[in-house]
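Which chain is which? The protein sequence lines are A and B, in order. Heads up, the first sequence is in the numbering used here, so the first residue is 1 and it goes up one at a time. Heads up, the second sequence is in the numbering used here, so the first residue is 1001 and it goes up one at a time.
These aren't lab readings, by the way, just hints derived from the structure by calculation. Please note that a few of the clues may not be correct.
If you anchor each label on the Cβ, the simulated ranges turn out as follows [claimed, not checked]:
no., chain 1, residue 1, chain 2, residue 2, range
1, B, 1060, A, 466, 23 to 31 Å
2, B, 1220, A, 62, 25 to 33 Å
3, B, 1090, A, 542, 33 to 41 Å
4, B, 1136, A, 158, 36 to 44 Å
5, B, 1093, A, 64, 27 to 35 Å
6, A, 498, B, 1067, 24 to 32 Å
7, B, 1096, A, 160, 46 to 54 Å
8, A, 230, B, 1103, 36 to 44 Å
9, B, 1080, A, 469, 44 to 52 Å
Reference listing, derived: stretches of chain A covered by chain B, where coverage requires no fewer than 3 residues with Cβ under 8 Å from a Cβ of chain B [said to hold, decoys possible]:
no., stretch
10, 286–299
11, 455–464
A few chain A residues that don't get close to chain B, going by computed Cβ distances all over 10 Å [claimed, not checked]:
no., residue
12, 57
13, 134
14, 190
15, 219
16, 222
17, 242
18, 256
19, 333
20, 370
21, 397
22, 424
23, 499
Positions of the beta carbon are idealized from the N, C-alpha and C atoms, including for glycine.
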Amino acid sequence: MATTELPLPALPEAHHEEPGGIVDYLTTVDHKKIGILYIFTAFSIFLAGGLLALLVRAELAQRGLQLMGENTYNQVFTMHGTLMIFLFAAQVSTGLGNYLVPLQIGAADVAFPRANAMSYWLYLFGSLIVLSSFFVAGGPAAVAWTAYAPLSTREYFQGTGMDLWIIGLAVVGVAGILGAVNLVTTIFRMRMPGMTMFRTPLFTWGVLVNQLLILFAFPPLTVVFALLFLERNFGAQFFDPTFGGSPILYQHIFWFFGHPEVYIIILPIFGIISEVIPVFSRKPLFGYRAMVFAFFGIAALSFGVWAHHMFATGLVYLPYFSIMSLLIGVPTGIKVFNWIGTMWRGSIVLSTAMLMALGFILVFVIGGITGIFLASPPIDFAVNDTYYVVAHFHYIMVGGLLYGMFAGFYFWFPKFTGRLLSERLGRWHFWTFLIGFNLTFFVQFLVGLDGMPRRIADYELDRWQPANLASTVGAFLTGVSVLIFIWNFLVSIRRGEPAGDDPWEGNSLEWATTSPPPSHNFHQLPEIHSERPVFDYRHRHDPAFATPHTDPERNPDRG
Amino acid sequence: MQPRRRVPAARWLAGTAVVLAAAGCAPQSVTEQGQAVYNLYNLFLYLAAVVFLLVSGLVIWSVVRYRRRGDDLPTQTHGNNRLELIWTLIPTVIVLALFVFTIQAQNKVLDRPAKPDVNLTVTAFQWSWRFTYEGTGAEVVGRPETIPELVLPVGQRVRIKLVSADVVHSFYVPQTLFKRQAIPGTDNEFDLTFEKVGLYHGQCTQFCGLQHPDMIFRVRVVTQGEYQSWLAAATRRGQAGQPGI
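Chain B on its own, in the form it takes in the complex:
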């Protein structure tokens, strides 16, 4: 657990984070699930670029080519059914295709096979987080002034049960390309499988009151050996009645 020293932490993070590429590419994902989102996003982006270039090209071409040059009225065309049918059907086909790709990616992102490797309960509260490692006694609790750290093993499927102790929050680690709201009265479950060792920034993204900006956490993804020894120490602390913060 680190005290809140913003600048060095941020600099450290800036080093590990992939600063997004030009032209609005999504940041590379560090989870297996996020990879599907990354690919889907780029597919959308390429299509969007084509559509935008087509539309803006046609607009600019029209303005340049068909500027008023005299008093004669142009031909008063009122429409063209065939053309209109085409530009109704083509977008329909495009969005249906995007829907199919969406469903495929979604199934990967939301897939929850029977047996995860790690079971974790994340409790969001005003204004920090509690990470409870189910079945081990290990627990990490943050405060607005101290950023809690979620230590996770690389390459293992982590099932997160997300709950809220008060208002609606949202659990978000940008580099997983995933977030989920923590809603009072509801258990929300999802899986994350980190594929890269590293320190990742996480933050509440659902506005939750006065100190919403301070609801920051870190995810430290470590090798399985390191994870086991960390967990053993954390469990000892937890059993001694001193959950880590």
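Chain A on its own, in the form it takes in the complex:
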């Protein structure tokens, strides 16, 4: 393959390296630094949310109220869900996307670097507004992260904490929309010459679809919070039936955001897995185009399934929402089989990143299959709002998101820092996480089937106790595994093995630059002939790989 190295156009040498001090991070418009800020902020919120989760589990380990009263418990689980869903899960992948997307498409930065900085700072201050509710009279909101009206209206829940919750999340919502405009524009407009859409790495595809979903799903969220704010503070009656309002309206708008939110969270993770598995199987991704179409299939279906969260209301048309929700299993299944197809007859390297990706597949399949159960209204009638649902979405969220995120961290940490994370500690991290996570959540399926409702500080039945105790033990083991990861990070960032530019024999363009990349990202770029430019470049002298059959762009019926 004829590969010439192109000097980057229009990037003057004067673009010198800045010192990485605090002032620099406060004023930066560099997408990589903003990405790091996002990741650190989101991870800090994850730790806070995790601490709240441990408080929940500690309280539930035994029957009766031991650690806190009902009000405190309600605040703790409300803020656990709020921090995890709104302020961590949807944001950490925005951080990874911020850092990696320009690198993967061969761009020097995002399309709107200043708007990018603004999204981050809005996100940070929105989060701080939400967190400030811990320090006001009455404490934070205690209405669950879904904040169903009328429970969340002033008539039933007073206190500034709830208003801070709404304002903070609305600000974070605006930040998300702004960030989405930026990343979508970047992916459409900033790809280097030769980087057609069908040569774009899957992680970038995942971020693209994820950000498109944000563009469509966050405005309704912001609207429903605005309505709730008006109802609480200015006597609007949107959700009050005695004034012609409707409590069910809140659920509709909320879940119209809420279900796409699940895919907002998980699509970039699909992207990460689709990067990690080919590299560590030393094969191209099996069915590249099918993967892309599956992304869009999931995204399109995700806007037609929201009311499966509302089967138990008795007020939605069940067959439509049931079949749409069941059908999401098809593109999701395609992805799983394509990942297996990628590993099949590969040359698999079990690095920690790969282990995390494999763990992802296994737990995600459990989460996905139980999602199929919940798409069936009669089954949903039985298990809705019990621990079965808690287990199901934690298999998606904790299992899917965290395994994928950790896979990404182990995979790209060398690119971010120039050093490798310790593989030995990585293995400890992986196995403690695998055991701890499954112990925590698998038993919740059982106790949920047995009828234990979610969001209760105390449970009445003795027979629910063993499962709850096991779950608590598992949760603390999961906590230990996260501490191992943090330890790994702290040790490796100082004394980790130097990584070099391309420690894993990567495929996409971020591996063509230094680790960490210079502020303008690339000194030189290879030509793009396929979705694996760095692979092509590495094998440019090998006649076996110099044929265009590796290019999905040129052979649209292959891959």
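Let chain A serve as the given structure and place chain B on it in line with the hints.
What follows is chain B alone, placed relative to chain A:
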């Protein structure tokens, strides 16, 4: 009506409840409607087990069989349209079949023939329940500290009109494998036909504020004779202006 004595009640319930079987089987249902859910759930479970074993088997097999053994690159396959078509079509067929079974079960669960045997209005409020036996004057009202008991006859179709006095709640008796939200401004109707005499645990499952965990109730399913005499006594109490609690 019993005072809130948690441990003996729970022990009693533990005896009557079917502790779920291993491997996540749904608990046996005690209503006619719930039987359809139980069968549907098990169908899903068997299929799910097959899919999970297949996927995890393939993953583990790949990892074991195709571990890196040298520096040679494996064959760089990019896909296989026929294979991909197969693993698109088979899941599509499976979910369509599951949809058909879902609709069949759903029709049984939600069926409401013209004439039920008992008409009941259940009012959810923060944080207990009111059970009103329509046309009889009998009423049972609970408080967070006292668990209300819903007495129902075995083998009779009970039509429940579910309403809420304040926020969204959810009426749930685990062993019926059914629940329904109580939504302010909405009358929600469904039928339950209990097939087994017994005492069953029930609880609000939609988070409804401070004392949500205390919104517990019991369903006591009795023979029709016992039900009639209970109802007569409850009606007398109700007419005397002392609804039972």
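Here is how each hint holds up against the structure:
| no. | hint | in the structure |
| --- | --- | --- |
| 1 | B:1060 <-> A:466: 23 to 31 Å | 29 Å, holds |
| 2 | B:1220 <-> A:62: 25 to 33 Å | 29 Å, holds |
| 3 | B:1090 <-> A:542: 33 to 41 Å | 38 Å, holds |
| 4 | B:1136 <-> A:158: 36 to 44 Å | 40 Å, holds |
| 5 | B:1093 <-> A:64: 27 to 35 Å | 50 Å, violated |
| 6 | A:498 <-> B:1067: 24 to 32 Å | 26 Å, holds |
| 7 | B:1096 <-> A:160: 46 to 54 Å | 51 Å, holds |
| 8 | A:230 <-> B:1103: 36 to 44 Å | 40 Å, holds |
| 9 | B:1080 <-> A:469: 44 to 52 Å | 48 Å, holds |
| 10 | 286–299 | holds (count 5) |
| 11 | 455–464 | holds (count 9) |
| 12 | 57 | 16 Å, holds |
| 13 | 134 | 18 Å, holds |
| 14 | 190 | 26 Å, holds |
| 15 | 219 | 24 Å, holds |
| 16 | 222 | 22 Å, holds |
| 17 | 242 | 7 Å, violated |
| 18 | 256 | 17 Å, holds |
| 19 | 333 | 4 Å, violated |
| 20 | 370 | 8 Å, violated |
| 21 | 397 | 18 Å, holds |
| 22 | 424 | 19 Å, holds |
| 23 | 499 | 19 Å, holds |
Violated hints, listed in ascending order, are 5, 17, 19 and 20; each of the other numbered hints is respected by the structure.
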